[in-house]
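Two independent chains are provided; combine them into the complex using the hints.
As given, the protein sequences belong to chains A and B, one line each in that order.
Per the working numbering, residue 240 is the first one in the first sequence, and the count goes up by one each step.
Per the working numbering, residue 889 is the first one in the second sequence, and the count goes up by one each step.
Check the hints yourself; a few may be wrong.
With the C-beta cut set under 8 Å, the calculated list includes, among others, these residues of chain A facing chain B [to be verified]:
#1 R244
#2 P265
#3 L268
#4 A279
#5 E403
Since the hints were derived computationally from the structure, they do not count as laboratory data.
Remember, it's a predicted structure, so these values are computed and weren't measured experimentally.
C-beta: ideal position from N, C-alpha, C; glycine also.
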Amino acid sequence: MSSAREEIFARLHKASTPLTADTEKPQPLVPAVAQTTGAACLVQFKEKATALACTVAELDRIQDVPQEVTRYLNERALPADIWCSTEPAITSLPWAAQTTLTLHADIARNKLDGGTSVTGCLAAVAETGALAVASGADFATRLGYLPDTHIVVCRQDQLVGGFEDVWAHIRQYTTSSAVPPRAINFIGGPSRTGDIEATLVMGAHGPRAVHVILVPATG
Amino acid sequence: MQITSDQFHEKSAEALQDESLAGALFVLGKMFPLMRETVAGQLPEFEALRDRARDIRNHALDHLPDYLDAFEKKVIANGGRVHWARTGAEANRIVAKLCKEADARQVIKSKSMVTEELELNDHLEAEGLTVTETDLGEYIIQLRKEKPFHIVGPALHLSAGQVSDTFYEAHQEHGRSEKVEDKAKLVEEARIVLRERFKNADVGITGANFLVAETGQIALVTNEGNADLTATLPKRHIVVTGIEKVVPTLDDLGVLLRLLPRSATGQETSNYVSLYTGPRQDGDGDGPGSFDIVLVDNGRSNMLDSPVKEMLRCIRCGACLNSCPIYGAVGGQAYGSVYSGPMGSVWTPALTSVSQAGNLPNASTFCGKCEEVCPVRIPLPKLMRHWREKEFEQHLSPTTARWGLGVWTWLARHPRSYRLFVRLGLIGMNVMAPAPSQKGRWIAKLPFIASGWTESRNLSAPSGGSFLTQYKQAQKAALEKTGHPSKTEGASK
Ligand code: SF4
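For reference, chain B alone in the conformation it holds in the complex (with noise of 0.2 Å):
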């Protein structure tokens, strides 16, 4: 996986300087959010829900090698076959053989984050086959050759007028003339261009949602329906996914099925919900020839020997992304990478390294909105400060950062230069300080390495001396009135 984590600062800078962002940040941020709330409050089980999927996503990676083994021998009785893929590599190697085996040219995908994650469609291309995204946000940026900005709407950075111009360019062999900016339309003209696709496929690639051990089937679930497109009109269909996604039974996924909806887009059900179960069967109208799963390590047995494994419990709602203030303000593509918000700072350092990726774990308030959201309860702050950690033992943090904490360690350590401190910056920020307003009193600029707190946004100036002070003087107040020292409530009973 290719990703340019590195330049989250720079990126965060641009995006917050976009207004054209502000739209689709704010859709993400309050009208998911606002929806996914109204119908988790319409569901009076999905607080009880959300324990079980922990639980059944928990009891699936404790016994995760014995459910790949029975859901593998069920695929191989269902008539299907299974590839297991250590790497990336590996996996893209794979299905270009599947590919080839089946004389293919024309690839249509539906939409497969793992399949981002493993760059799956460069390698494709660079083996000389056409492929075609067909979910319509992913179709969209694989025109612009972006990476998505949000894993469950990739596109949705992007307003009409961009969409326009992007079709306007690649659908000119299609007969386009005019331009058109209207959303209908736009999702028309798409349909007819890939509705052509479709039927001309040679291989159809999904991702998919869960698998089930029980009976060997694959679970899909989209609104717009490509994905079945996608496993139903090729002579192969050829699914491509994490080997964590496993879950037991069909009980189980019926579990995750009512929560991925909600979570995601505050929907009761996705339009579309399907199990696949193997090639075309003796007297079937239709389907394809062949069914092949690959199923991806690519880090995540490791993940799971590791103090991240609980991450492995995601099922890709987005849920945590529209929840978190800082996504609510840079947006994915910011992150450099297919994973982004709470979920993205885990998975990808994991995925790739801290060294690489260190900076999106950072990427924080520790808020804990994306840990409340969660629908298999995934502690994801906990799991960025592992990261966190880590980068500061790895001695990867800036200089800045890790001369700042030593700085604050020693302070912390000695109280008498602690209090000469905070007097202080105390005095400091009084004199940085205008006069009150109505507002407040705010500082406006920062000096020095504390700059950049203030370039997007003031401090509250501080008042009434500190802590210590001011306990200090209520201790004498107290002592004056009553004789004792005031007691805190909890402490006279």
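Only chain A is shown next, with the shape it has when bound in the complex (with noise of 0.2 Å):
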């Protein structure tokens, strides 16, 4: 007996040609939105990472980063736990001058509910005004769903046109045969849902407010 690869792959080679190396490919078209750098991509980035409710704050210092965190959390009367994700840029911030905050790093799964995650990210995508993030050591994926706020510090140089910027960073990967990171997620701003009478719900399953804030490039 066939196995079913075997079955179904004779039923699809019976109805298609081979790929050989002249075969013609469909070009790749990126559409100008997807194009802006600079002091464009910035003002595109604020605008669309608006639209899709997330919040933005720009910092002259990423020192000033724990101070904006306790701002936020004040000022919409926010439990002051957060769960920080790993990288050194978040980590060896001056947490302890913010004595009101309080730090976690347990992220078993019943911790992070209602809670706050502080992470860095890949990248910030102008196009969409999405937050690319990446799955590692120091960062886990839940601390971008299960908390109830997510706080987003991205660099200015990680500000990028479109999503073919980050697939150039998946493309690091594979092209020294090296695994990608195991999940890339472009976060949209907060979970919502329009399934009970196309009313949009804010809060759905993750996140119920995302807040960027963006800091100078490094170096």
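This is the structure in structure tokens:
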């Protein structure tokens, strides 16, 4: 008896033509909205992110992030419990000066409900206003989904035009035969649903609020 | 796939009487198309992207075995596993086996039309597993044991009151003691219940919007974020999807990602767009220990070799449903299949048979709106016509329709009898129509087999004789005036 794979492929081969070096492939097409750079990129990102119901703050120094986190949580009367991703750029910030904040390290699945995560990102995408995050040793995917509030710190040099810039990042892995991160998520603002009477309601499963803190480029 | 498409007539008659459907159908039929047009208008490259998307999907389908093979190799290199299923039953068995291997009891799912097609939930439940849908709309219809109303908004036919009743019953065990109808509160209630399910689940099952051959990744698109929790929290992630979903490269994916949300809900982007590569990696803070992809044929390879091949380009955006006047009048439930509207009218007979689903391709006015909005430019009317022809060839169409067409064919070949028939018809119709009102002359009731036409609308009464009579009169008048018969504009050049 032939295997399911063989049978399916036999049928597919019958109805298709083999791919050769000369087979013409459709060329990529990237819309202008995904190709902004520099100041225009920043302006567009802020506009699109806001349209996705994110809030955006711009700081002159990355050291001021903990203070901004305190301000944000106070303003909304949110609990001062935060869970940070473990990348050095975030952990090395002057958290201790913020005496009202409590930093937690345990990201067990039942700990994060109602909390706030503070993480970095891979890129901020001006095309859509979404933040790209990649799983890895210093970022657990759940930090973008289980807490009620997600605060994302983004360096200006992480601003990119469109999806293609993130594809380039993924290709850094594939061209050297390495495995890309398990998960790459584009987070476009708070989680939402329109499933009941097509009325938009925020906070369906994931965060109810996403706050972006833009900080200067490093170096 | 179990379908009840043979009851299309009865169910659409019911739907037409159901006033509560009108609101949902208004949103789908008016609001979504308007939002689609607005965002499409803001993207100058929209039409060019549609051409490109059509070419990408055609290219992938023309070389499907090569791209599937490349995809499979990458998945394995990334630490995942690929399983092939010829039929729905085979796919269900594979998924059940994977769940058993993990000693799973609780399964969570994010919305997947393919698993609806396979009726995977029923199968897993029969095997003793508890399955919970986590897309809010899908969760609601799961509790109500219904089929999706719309491929994008499965529960849009229900009012907040109906959802409240459903939750009230289902959530008693979670301590729910009062009924809420406020939509935000209903969403919150589902969030609390489903959050616990997410945390306790052993297996997460998702579909895939696209498979990327270049990297071996799957792409998932949602607004709620439920697919990401499903792919991240449980010990296992199982992906169940159709073999036609593969695209060659990330760049190709980019083209489709720009069209899907705009066409579906008029959004520039869905809130969550995600790529999943495989199982948890060394050092990762979370993620499933295993990553399995079940690639389902279930009739697709046969479609590739058939006149409805182009249907395989479909990216399940639902735009054709929203634009369809028939869907807009009767809604998704009448189709009796998980796939409804114009795309469902082509998919359903392909996955089942014309004898079971022949009603669906007939549920079209051939207005062409569906093809106009389809992001991958599928010629849906042409494909529906194919099924109609098949139905006729196989002598499956109703006797009255065959008889009517027979009479028509005979008349068309016999011009004298044709003219006599038309003249008698005109006299008859003029007798039936009352005196003209401000709104013109309308016939409210036709006799015999034509009575169906006037059951829910009037027929405009004929005026001024047949075309041939009018043509002759015009010729005569022209001859009297100029001495020459009149010429049409085009012919005078
Ligand atoms: S047929 Fe076209 S418009 Fe309809 S769901 Fe598929 S892709 Fe969308």
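Hints numbered earlier in the text: which of these fail when held up against the supplied structure?
4
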